[in-house]
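2 protein chains.
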Amino acid sequence: MPIDFKKELENAARSMILVHDPDVLIKTIIRALVDKAGIEHASVLLYDPKRQTYVLSLSGGSLENKVPIGFASLDKDDPLIRFFRERNNRILFKKDILTLDSAEKALKNQVLTSRAKSLLNDALYQARLLETVVCIPSYFREDLLCLFLLGKKTNGKAFLCAELDFFSALASNMAMAIRNAQLFKDLEIELNKKHQLFMRTTIALVAAIEAKDNYTHGHTTRVTNFSLQIAKRLKNKNKKMINEKFLESLHIASLLHDVGKIGIPENILNKRSALTVGERNRIKEHPLIGATILKPIKELEESIVGIKYHHERPDGSGYPEGLKGEEIPLIASIISVADSFDAMTTDRPYRPALYRDEAVKEIAKLSNLQFSPLVTEAFMELCLEGTL
Amino acid sequence: MPIDFKKELENAARSMILVHDPDVLIKTIIRALVDKAGIEHASVLLYDPKRQTYVLSLSGGSLENKVPIGFASLDKDDPLIRFFRERNNRILFKKDILTLDSAEKALKNQVLTSRAKSLLNDALYQARLLETVVCIPSYFREDLLCLFLLGKKTNGKAFLCAELDFFSALASNMAMAIRNAQLFKDLEIELNKKHQLFMRTTIALVAAIEAKDNYTHGHTTRVTNFSLQIAKRLKNKNKKMINEKFLESLHIASLLHDVGKIGIPENILNKRSALTVGERNRIKEHPLIGATILKPIKELEESIVGIKYHHERPDGSGYPEGLKGEEIPLIASIISVADSFDAMTTDRPYRPALYRDEAVKEIAKLSNLQFSPLVTEAFMELCLEGTL
Chain A
38 MPIDFKKELE NAARSMILVH DPDVLIKTII RALVDKAGIE HASVLLYDPK RQTYVLSLSG
98 GSLENKVPIG FASLDKDDPL IRFFRERNNR ILFKKDILTL DSAEKALKNQ VLTSRAKSLL
158 NDALYQARLL ETVVCIPSYF REDLLCLFLL GKKTNGKAFL CAELDFFSAL ASNMAMAIRN
218 AQLFKDLEIE LNKKHQLFMR TTIALVAAIE AKDNYTHGHT TRVTNFSLQI AKRLKNKNKK
278 MINEKFLESL HIASLLHDVG KIGIPENILN KRSALTVGER NRIKEHPLIG ATILKPIKEL
338 EESIVGIKYH HERPDGSGYP EGLKGEEIPL IASIISVADS FDAMTTDRPY RPALYRDEAV
398 KEIAKLSNLQ FSPLVTEAFM ELCLEGTL
Chain B
38 MPIDFKKELE NAARSMILVH DPDVLIKTII RALVDKAGIE HASVLLYDPK RQTYVLSLSG
98 GSLENKVPIG FASLDKDDPL IRFFRERNNR ILFKKDILTL DSAEKALKNQ VLTSRAKSLL
158 NDALYQARLL ETVVCIPSYF REDLLCLFLL GKKTNGKAFL CAELDFFSAL ASNMAMAIRN
218 AQLFKDLEIE LNKKHQLFMR TTIALVAAIE AKDNYTHGHT TRVTNFSLQI AKRLKNKNKK
278 MINEKFLESL HIASLLHDVG KIGIPENILN KRSALTVGER NRIKEHPLIG ATILKPIKEL
338 EESIVGIKYH HERPDGSGYP EGLKGEEIPL IASIISVADS FDAMTTDRPY RPALYRDEAV
398 KEIAKLSNLQ FSPLVTEAFM ELCLEGTL
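Listed in order, the protein sequences are those of chains A and B.
So the first sequence is numbered by our numbering: it starts at 38 and just counts up by one.
So the second sequence is numbered by our numbering: it starts at 38 and just counts up by one.
Just so you know, these hints were derived from the structure itself, not from any lab.
One should not assume that every hint holds.
To be verified - In silico PhoX-like cross-links for lysine-lysine, where the CA-CA straight-line distance does not exceed 25 Å:
1. A/K87 <-> B/K282
2. A/K230 <-> B/K231
3. B/K321 <-> A/K249
4. B/K277 <-> A/K87
5. B/K230 <-> A/K332
6. B/K44 <-> A/K44
7. B/K231 <-> B/K335
8. A/K249 <-> B/K249
9. B/K274 <-> B/K398
10. A/K230 <-> B/K332
11. A/K44 <-> B/K43
12. A/K73 <-> A/K249
13. A/K335 <-> B/K272
14. A/K282 <-> A/K231
15. B/K230 <-> A/K230
16. A/K308 <-> B/K249
17. A/K230 <-> B/K282
18. B/K398 <-> B/K361
19. A/K332 <-> A/K361
20. A/K335 <-> B/K222
21. A/K222 <-> B/K231
22. A/K282 <-> B/K231
23. A/K335 <-> B/K87
24. A/K282 <-> B/K222
25. B/K230 <-> A/K222
Note that the structure is a prediction, hence the values are computed from the model and not measured.
Isolated chain A, as found in the complex (with noise of 0.2 Å):
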């Protein structure tokens, strides 16, 4: 007996195994069974553990768009999912597949209560308004995953029983394929979750230590947007100088580039009157101090190199070791201009705020001199465009 959509399903299926996402995977499952194996349309009822309801993907076959209404999702209720929920129904029918003809024949059987009569009339009844003849469950473990509906084959026929088995087969594997998407992406977000935790506590961390300094408030923020909004024009500029990995670093470095001002006394950080010679070196002494405290996190090491460096300058004037002009990393020149503009354009003890064009035109002048001239550039550039 010639299957001969067979293999292509098999195929399709086998390469299933690796899409980790539960939409694009159920969508591409019902359209090849559509497609390969000839059939007007097919669905899925997949079971939301969140929701606790069996929601309904449909094929792009003949049954779209005309969906009866409250079927965009069934549930654990509803006739056709206790039917096929509840074990002792499903023995009455070959390998778990329910076929109109099928179920018409049970109907008519003597050893069906009046309760399992009653309850399959009312599963076919929604069946029927999904246009479906066959229906294929899928359990993991002992619960039902989900459902597969099946609409009539285009050409007409009645389906053939090594067919309905290759089905069920098939059901199962991609049951199984569903279920390892769901785990998967469980898994993404609970990444996605922990990423968040870790940014969102430095930030709050950082504010709180920030609030210790009170000529800088809301410093932090902007200089972190800064830093970002230069480095993704860089990267616009040259793909190949800043990854994904930079920007993460950066944006740690910048949140954090000031950490080392906690171990500065709070009156210094706050001192209203001329600071002497002494009390400016303990305050130079912050980007070590920030490299310090972060030190033992290898995880941090690019991020460390932007905040031990963020006072340097090209001409080598600056700390806290006197590097020149590319002896300085990326990271750090990034994160300089950055914190110099915003230092410029907000009120400080000792002087109060430029207007915003006066500290671009600052920082223009002492491109090369204490800002690196690639990332002047890039920082003119969104400055022009009013990006900045």
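Start from chain A and add chain B according to the hints.
Showing chain B alone in chain A's frame:
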């Protein structure tokens, strides 16, 4: 032609999608091959992207304990691997499968260049050392992901053509399952890394904040340690009370319990003489300040409760809300005992440290007044055992 093991192996393979540990997966696969298909031994050479080598996993079959030295892994340039990595060698054999027979025929074939013959000879030499009669490669995209090596059939007969076809299809499915497991494992590793990054960064920032307070060096680390030990003891006594999520929340809450001190001026924190009522009230704000700092972080909800209420007392004399008895959340009650015990046993500006035994007695005496009786009981048990 009956291949009676086929169904069993197919069923085994199906459920393997959900085995997400690559090592377990491979061991299960080769075990199933040996047991179900009646092969003397089977093994897999699996590509390890980090080490850039092919690592051998062996069945428990007859080859065990006699793998030739140097075969625990094969280099990319080892002949057996190179033969399958070079695409032009593959086309000589049906479905990429190399059998000893087909190889010997190929060596007599005039089409092969002398270079190809030499490589095949070297590959066969390695295969024979592993007592392999059939090699089945699995490619992911164009890369050799793994190479299945089969020993002789236990009944001494030659492999049937249909059997080889089946193994080839199975190997391809298995390659997908292995790839899936690897991706899953990679994601789990990333999640774990992100968790470590979050914890380490929090610890580093908390240590930096703590350093502002001259009298609390190492306090946070000790309180965290005590809290977790008490919680684990409570879990042993009554599993329902404490789950993994609670332990994680407690861990974070313990680390951050004094984070609100960042909002208290340094001169109050480090004052050597007696505090005024006003100064004492400022210090009493730290649980609320801590909760406020972290409030935007929804994931930390349970931890925030621990931070906010860790100075409440069952007799209602605590702060910030004067909660009584059972009103005080367990997470806060645990930190309260851990925090007080550490404070009692370390020097403070206003008094020297108590001896350990004195502190334990003091806490026992204050059970139900200052400390939760439940937590005190667990704490006392740990102290008596010498665990704490």
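Going down the list of hints, with the structure as the test:
| no. | hint | verdict |
| --- | --- | --- |
| 1 | A/K87 <-> B/K282 | holds (19 Å) |
| 2 | A/K230 <-> B/K231 | holds (10 Å) |
| 3 | B/K321 <-> A/K249 | holds (18 Å) |
| 4 | B/K277 <-> A/K87 | holds (23 Å) |
| 5 | B/K230 <-> A/K332 | holds (16 Å) |
| 6 | B/K44 <-> A/K44 | holds (17 Å) |
| 7 | B/K231 <-> B/K335 | holds (18 Å) |
| 8 | A/K249 <-> B/K249 | holds (12 Å) |
| 9 | B/K274 <-> B/K398 | holds (22 Å) |
| 10 | A/K230 <-> B/K332 | holds (16 Å) |
| 11 | A/K44 <-> B/K43 | holds (17 Å) |
| 12 | A/K73 <-> A/K249 | violated (67 Å) |
| 13 | A/K335 <-> B/K272 | violated (33 Å) |
| 14 | A/K282 <-> A/K231 | holds (17 Å) |
| 15 | B/K230 <-> A/K230 | holds (13 Å) |
| 16 | A/K308 <-> B/K249 | holds (18 Å) |
| 17 | A/K230 <-> B/K282 | holds (14 Å) |
| 18 | B/K398 <-> B/K361 | holds (22 Å) |
| 19 | A/K332 <-> A/K361 | holds (23 Å) |
| 20 | A/K335 <-> B/K222 | holds (21 Å) |
| 21 | A/K222 <-> B/K231 | holds (17 Å) |
| 22 | A/K282 <-> B/K231 | holds (13 Å) |
| 23 | A/K335 <-> B/K87 | holds (19 Å) |
| 24 | A/K282 <-> B/K222 | holds (20 Å) |
| 25 | B/K230 <-> A/K222 | holds (18 Å) |
Consistency note: the structure conflicts with the earlier hints numbered 12 and 13.
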